[in-house]
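Please construct the entire structure, taking both the sequences and the accompanying hints into account.
Protein chains: 2
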Amino acid sequence: MSAITEKIPTDIEIARSAKMKPITEIASGWGINEDEIELYGKYKAKIHLSLLKRLQDRPDGHLVLVTSINPTPAGEGKTTVTVGLGQAMNRIGKKAVIALREPSLGPVFGLKGGAAGGGYSQVVPMEEINLHFTGDFHAVTTAHNLLAALMDNHLHQGNELHLDPRRILWRRVMDMNDRSLREIVIGLGGKKNGVPREDGFDISVASEVMAILTLSENIEDLKESLGKMLIGYTYENQPVFPRDLKAEGAMALLLKDALMPNLVQTMENTPAFIHGGPFANIAHGTNSILATKMALKLGEYAVTEAGFGADLGAEKFFHITSRKGNFTPAAVVVVATLRALKMHGGVPKERLGEENRLAVKIGFENLKKHVGTIRRVGLPPVVAINRFIHDHEGEIEELFDLCRREHLPVALTEVWEKGGEGGVELARLVVETVEKGKHSFRPLYSVDQGIEEKIGSIAREAYGADGVEFTDEAKKQIRFFKEQGWDKLPICMAKTQYSLSDRPKLLGRPKGFTITVRELKASLGAGFLVAFTGDILTMPGLPKEPAAIHMNVDGDGNVYGLF
Amino acid sequence: MSAITEKIPTDIEIARSAKMKPITEIASGWGINEDEIELYGKYKAKIHLSLLKRLQDRPDGHLVLVTSINPTPAGEGKTTVTVGLGQAMNRIGKKAVIALREPSLGPVFGLKGGAAGGGYSQVVPMEEINLHFTGDFHAVTTAHNLLAALMDNHLHQGNELHLDPRRILWRRVMDMNDRSLREIVIGLGGKKNGVPREDGFDISVASEVMAILTLSENIEDLKESLGKMLIGYTYENQPVFPRDLKAEGAMALLLKDALMPNLVQTMENTPAFIHGGPFANIAHGTNSILATKMALKLGEYAVTEAGFGADLGAEKFFHITSRKGNFTPAAVVVVATLRALKMHGGVPKERLGEENRLAVKIGFENLKKHVGTIRRVGLPPVVAINRFIHDHEGEIEELFDLCRREHLPVALTEVWEKGGEGGVELARLVVETVEKGKHSFRPLYSVDQGIEEKIGSIAREAYGADGVEFTDEAKKQIRFFKEQGWDKLPICMAKTQYSLSDRPKLLGRPKGFTITVRELKASLGAGFLVAFTGDILTMPGLPKEPAAIHMNVDGDGNVYGLF
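Here the protein sequences come in this chain order: A and B. Count along the first sequence from 1, add 611, and you get the number used in our numbering. Count along the second sequence from 1, add 611, and you get the number used in our numbering.
Please note that the accuracy of each hint is not assured.
Copies of the same chain look alike in the list, so a pair counts if it fits in one copy or across any two.
To be verified - Think about it this way: if two alpha-carbon atoms lie no more than 25 Å apart in a straight line, the pair counts; the simulated BS3-like pairs of lysine-lysine are:
no.	residue 1	residue 2
1	K1155	K857
2	K630	K618
3	K803	K1155
4	K1116	K802
5	K1116	K803
These are calculated hints, taken from the structure and not from any lab test. On a predicted model such as this, the values are computed, not experimentally measured, just so you know.
Okay, here's the thing in structure tokens:
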């Protein structure tokens, strides 16, 4: 019993025990020149884009994408496995660099308390990555809100563009879980305070500016994309763009440093780029293209992660991120836990401790569907079972049997407790899979297809839906987008992450369902069309007991309450 | 004529010509240890508070405070003179360190385009100081808005504290000129979106968190102050504080790096701390106490600046900043220009080019009043005339005569064009004044006096008013504050900066007027009572043609439109 009653250290306690090297040492060890690095303290740095120019003729490493089953409250530990795999690669003599998204401040103060991997597979300095880090999100927030201020100022100063205040699409953003700002009325108090209208705040990671930042290859590319975002319509139904307000120059100026990828390290001194953090529902949910490109230039392997499950994050990585960045993953790791599979198999959270092989078998259908999608696009999957201390041996055997029957490479990982050592088996399997080679990406759709067709392909092939229904509103928008010539863009599905369907409670492998697209949004700057299914929250709220109330810092700068 | 038609270089063009030294070199040259510095790129650094501990036994340098006449649209160049004086001190062999406020992003995108001194008396890297710098303002914004989110979440989750949503004093903030957010209604859209109520945004520099940051001596002090801000009342008329929401720990955590002073350099490699930026009307308007303390430990002279004219910034420096930081200025420099004095003498802006000795004489009365206040508190004034290229010799003679008659030390400066060289005469005069010594500070009031008495002393002695009127609302608040025991605090006057009176158009030296205090605010965290006179705008708006629309950055990272 002593193993159970022993106090398990928290992530921040473990993070504090890390033997960090100065980031200059990590950088020089991996071939980054001194003039390519901007320090932010001793353990964080931004890397100049000139690195990519200098290394343009060096062949890229292999790209390994980490995704998962549909997330459950049981937790999957996808980021932890990503970090652990990167560490494990280096242990078996393969130079690997990690590329991850930056955590958003809002959720840190809400439920999460922090998000930078876990246990001995974390990126550090954990508390700084989870707080302001290098200020990228603040830059996104400021650039976004500058555009909003310029637009409302335009309305106030005479509205030369004839912008319709009832049809403004550009809301404001804040990196905070603040539900009270979801729907607001602004411009009250008379003539000196602008034009009254309905407005609202999203969380900063929902900003199209964030999506653009992560999809841009350089400042010019960034500026052009910012200039062509759709922000509203005139009274004459003409679209209005930031370039009409001459806003994109100042916005790009605010983002010039944020565009440079951030370099940190893991607990085991593996280099990790942590850069950008778009939502994986209303946006594409992956770290910046620039960070992944740097990881590919510096490592024999680059290990990156996509948001939520393979139905959302990985699908978008294939059709949006990879298309823009010209990437092809050499292997796709699908993370699952026995506990999560059992939830997909119908077991309620409070009974996850009990052995239940049947539930594993039923839940496996969820995993199988995601693996099928990866195979469908021509890429080789590898299953990673993120082992928990109390997992039952019988269930593990069951799962291995199920995988074998599907000819699925599968490995157990114990990266939380053991760091890279706990991921060696997975790393070997990934290397073996990559070295067998022979994969060629076949997309689920071509951007030249119609909007309905593209959405239909995703729904049928990635979700296993029977088809898609479009509301009248959605149909009207699709016609309008086509008239405007906005239809030849990839699709970004905004769907619940919890289910393969658009209903969060339908776990496992739902069948015989259809997806309903109720609305579309043209993210013309980011270069995709968002299709909304179900209710998608773009501004979270705080829970009854926010993580913030347990946070503290003492006189010596020691941090408490991040976990 | 060639001198007139020659293109005068802009501030950013000059700034770009600066021969900056790596900030590590500046730091080590001035005795800062390697482990006391955190780099933010090559030319910005944060300095650990441990520096002050290490140097606690070293005697402080002399403190020189730079203030000015009431500002006019003609411009006075107070920051430019402050920077130039610091540079000039070093030219004449006196080790001087500068301490200034950080510029706010909002005004940079509005009218100002930048604020970090001018010409050859600037702090650099100018574009970074004017953009995100080291993220301090973003940290203040986030900490402020976290408290707002926690408070609205409390209302939403059942309102255990019985907080009255109609009497919430804590608004939200954004570092943006955004008039549409001045008065808003939040929490709309039904039960899931919180409790509907009136709210609004101030600009971040108006946040009490900003005031606290600049008045705190360490993390513990900061946290305690954050915990005791007055943020609203219960239905039972009981005050509510952040500590009731357990918010101060997380807020302090967000501010832990922001508390460390930022070190940069001037065009001539003089070290400059740029740290904190509270408003000079609703707050005290000076850089952080910690930055000034560091400047005093590292230099024989520390040159710092107070906001607006001596009626606001300097008065508050004496009674709020100095009281908390235990400072006594050894000399107070009052900056004026002939153009500004002529405006105070009744000349409209378009006729400032014409010689007008009478207007100089009338306008001098404004300068004389400020100088009188400085003498009244027992400190020695020095007048700095910031010379403009087209100033008339006859007017300069007139002004020198006027100063001589008042036994006022006066020097011309040409620090914009000539850098430190243009401030040598002023520097010599300041050193002479300081070395003559013999000053002992006598405050205008004691904090133990009644609220009305304290305000009365400031109005009569610093403004030259006949007296003060209090509205019924103000009288009621004063009674309530006294009942609560909040009356033994210094006063922070919120008054127009343009006039000695509370009416912005009354230039020069108005007489026979009274001040009307219409409302008070208890800034219990910052430790002062704000007395509002006239209309004080805490959220600016953008002009018809915002500076932002001319800003840009090219592919090589070159910045345009900051000036």
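Taking the hints in turn, this is what the structure says about them:
| no. | hint | in the structure |
| --- | --- | --- |
| 1 | K1155 - K857 | between (43 Å within a copy, 13 Å between copies) |
| 2 | K630 - K618 | within (22 Å within a copy, 56 Å between copies) |
| 3 | K803 - K1155 | between (38 Å within a copy, 13 Å between copies) |
| 4 | K1116 - K802 | between (48 Å within a copy, 22 Å between copies) |
| 5 | K1116 - K803 | between (49 Å within a copy, 19 Å between copies) |
Consistency with the previously given hints is maintained throughout, with no hint failing.
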